[in-house]
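Engineer: According to numbering that gives the first Met the number 0, the sequence shown holds residues 0 to 327 in order.
Treat each hint with caution, since some may be false.
Only pairs whose alpha carbons sit at most 20 angstroms apart, straight line, appear in this in silico EDC-like list of lysine to aspartate or glutamate [said to hold, decoys possible]: (1) Lys92 with Glu78; (2) Lys64 with Asp12; (3) Lys164 with Glu135.
Pair by pair, the computed Cβ-Cβ distance ranges are [what the hints assert, rightly or not]: (4) Thr96 with Ala14: 22 to 28 angstroms; (5) Ala133 with Ala318: 38 to 44 angstroms; (6) Met0 with Asn130: 35 to 41 angstroms; (7) Pro170 with Thr96: 32 to 38 angstroms; (8) Pro123 with Gly250: 50 to 56 angstroms; (9) Gln52 with Asp72: 51 to 57 angstroms.
Hint data in this document are derived by calculation from the structure and do not stem from the laboratory. Keep in mind it's a predicted model, so treat the numbers as computed, not measured. Note that CB positions come from ideal geometry on N, CA and C, so glycine has one too.
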Amino acid sequence: MSIIQAQHIMLNDPAHVRVAYEPKYSHGSAFINGTYVDLDNAAIPMSDLGFTQADACYDVVSVSKGYFFRLEDHLERFESACTKFQLTNPYTKKQTTEILTNLVKQAGAKEAYVWWAVTRGFMPDGGDRINPNAYENRFYAFVVPYVFISNDEQRARGIDLLVSKQFIRIPPEAVDPTAKNFHWMDLKLSLFEANTANKEWSVLCDASGYLTEAPGSNIFLIKDGVLYTPDSGCLEGITRKTTLELAKEIGMPIHVERVHVEQLLNADEAFLTSTAGGIMPINTVDDTVLGGKAGPGELTTQLHNLYWTKRWDGWLGTAVDYSTPANV
0 MSIIQAQHIM LNDPAHVRVA YEPKYSHGSA FINGTYVDLD NAAIPMSDLG
50 FTQADACYDV VSVSKGYFFR LEDHLERFES ACTKFQLTNP YTKKQTTEIL
100 TNLVKQAGAK EAYVWWAVTR GFMPDGGDRI NPNAYENRFY AFVVPYVFIS
150 NDEQRARGID LLVSKQFIRI PPEAVDPTAK NFHWMDLKLS LFEANTANKE
200 WSVLCDASGY LTEAPGSNIF LIKDGVLYTP DSGCLEGITR KTTLELAKEI
250 GMPIHVERVH VEQLLNADEA FLTSTAGGIM PINTVDDTVL GGKAGPGELT
300 TQLHNLYWTK RWDGWLGTAV DYSTPANV
């Protein structure tokens, strides 16, 4: 069994290609605190605390073959993140759905990366900084063509992963990783560390050497046919949730628990999961070829292909009606 070339299909299959759109939306569409604009003219005020203090939460949902995938799950996770950070979405769940759908239609994207956030907004008049209710929270969103963390070629051979030696993940006691947030410096610097070591992606541990997550993605490993993934220190990813369901569907035993980095180094197979790429096989970890055999493992390949096949059949999808114009 070989890895489905998802990126090639998305770019070439008529059922996936972009529908008609206004040229100004060629790079994407955006919604800036009540106004729809093309992505090239989207901007936030410099004094928004989302920019100056990373004071915000966000989420990302994908569209493929014209279907939002698990949109309700993403909306619920976003509402939960707002609560954890004492932020208030100025729009209801129904209104948020309408905004995101309008952006997809404006961009004409059947394959889309859909991002939205609520920021703290501006410093309140009178300097009442310690009262979260004194701030006017702001909503921003944008849609661009679908983004892959790893392309077809990388997924077909498996990526080369680095376990960061220089950085650990921000502890949950400092910033709750289950609320998707802008605090990416540890993740970003670990990617630069990976680049210096000629690796393609990174993963971070906690201070005790237990795996947490990779930049923008969760991590899984397979040993003796059993699936393992960390139970803490990481985002409760929607693709992570999907992968656990798919593993159960094919009868794989599952362990969601603390996972030490040594288990990853001794794994038979491993992969990352993300809205930006789905299931992404790992070939090597710190130059160790997993399972002693180069390339994606059999079970990883099965999960990868099942993920895309079921998605394109409309599983857990919300269809976008491109025949009606965006309501802007």
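Engineer: Next step is simple, just say for each hint if it's right about the structure.
Structural biologist: Hint-by-hint comparison with the structure:
1. With a CA separation close to 8 angstroms, the supplied pair lysine 92 and glutamate 78 stays within the 20 angstroms bound.
2. For the hint linking lysine 64 to aspartate 12, the alpha-carbon distance of about 9 angstroms falls within 20 angstroms, and the restraint holds.
3. Of the supplied pair hints, the one linking lysine 164 and glutamate 135 is violated, its CA atoms being roughly 40 angstroms apart against a limit of 20 angstroms.
4. For the pair threonine 96 and alanine 14, the beta carbons lie near 23 angstroms from each other, so the given range of 22 to 28 angstroms is met.
5. Evaluation of the 38 to 44 angstroms hint for alanine 133 and alanine 318 yields a pass: the beta carbon distance comes to about 41 angstroms.
6. As the Cβ distance of methionine 0 to asparagine 130 is approximately 57 angstroms, the hint placing it in 35 to 41 angstroms is violated.
7. With their beta carbons about 34 angstroms apart, proline 170 and threonine 96 fall inside the hinted range of 32 to 38 angstroms.
8. The hinted range of 50 to 56 angstroms is satisfied by proline 123 and glycine 250, whose Cβ atoms lie roughly 55 angstroms apart.
9. Taken as a hint, the range 51 to 57 angstroms is violated for the pair glutamine 52 and aspartate 72, whose Cβ atoms sit roughly 28 angstroms apart.
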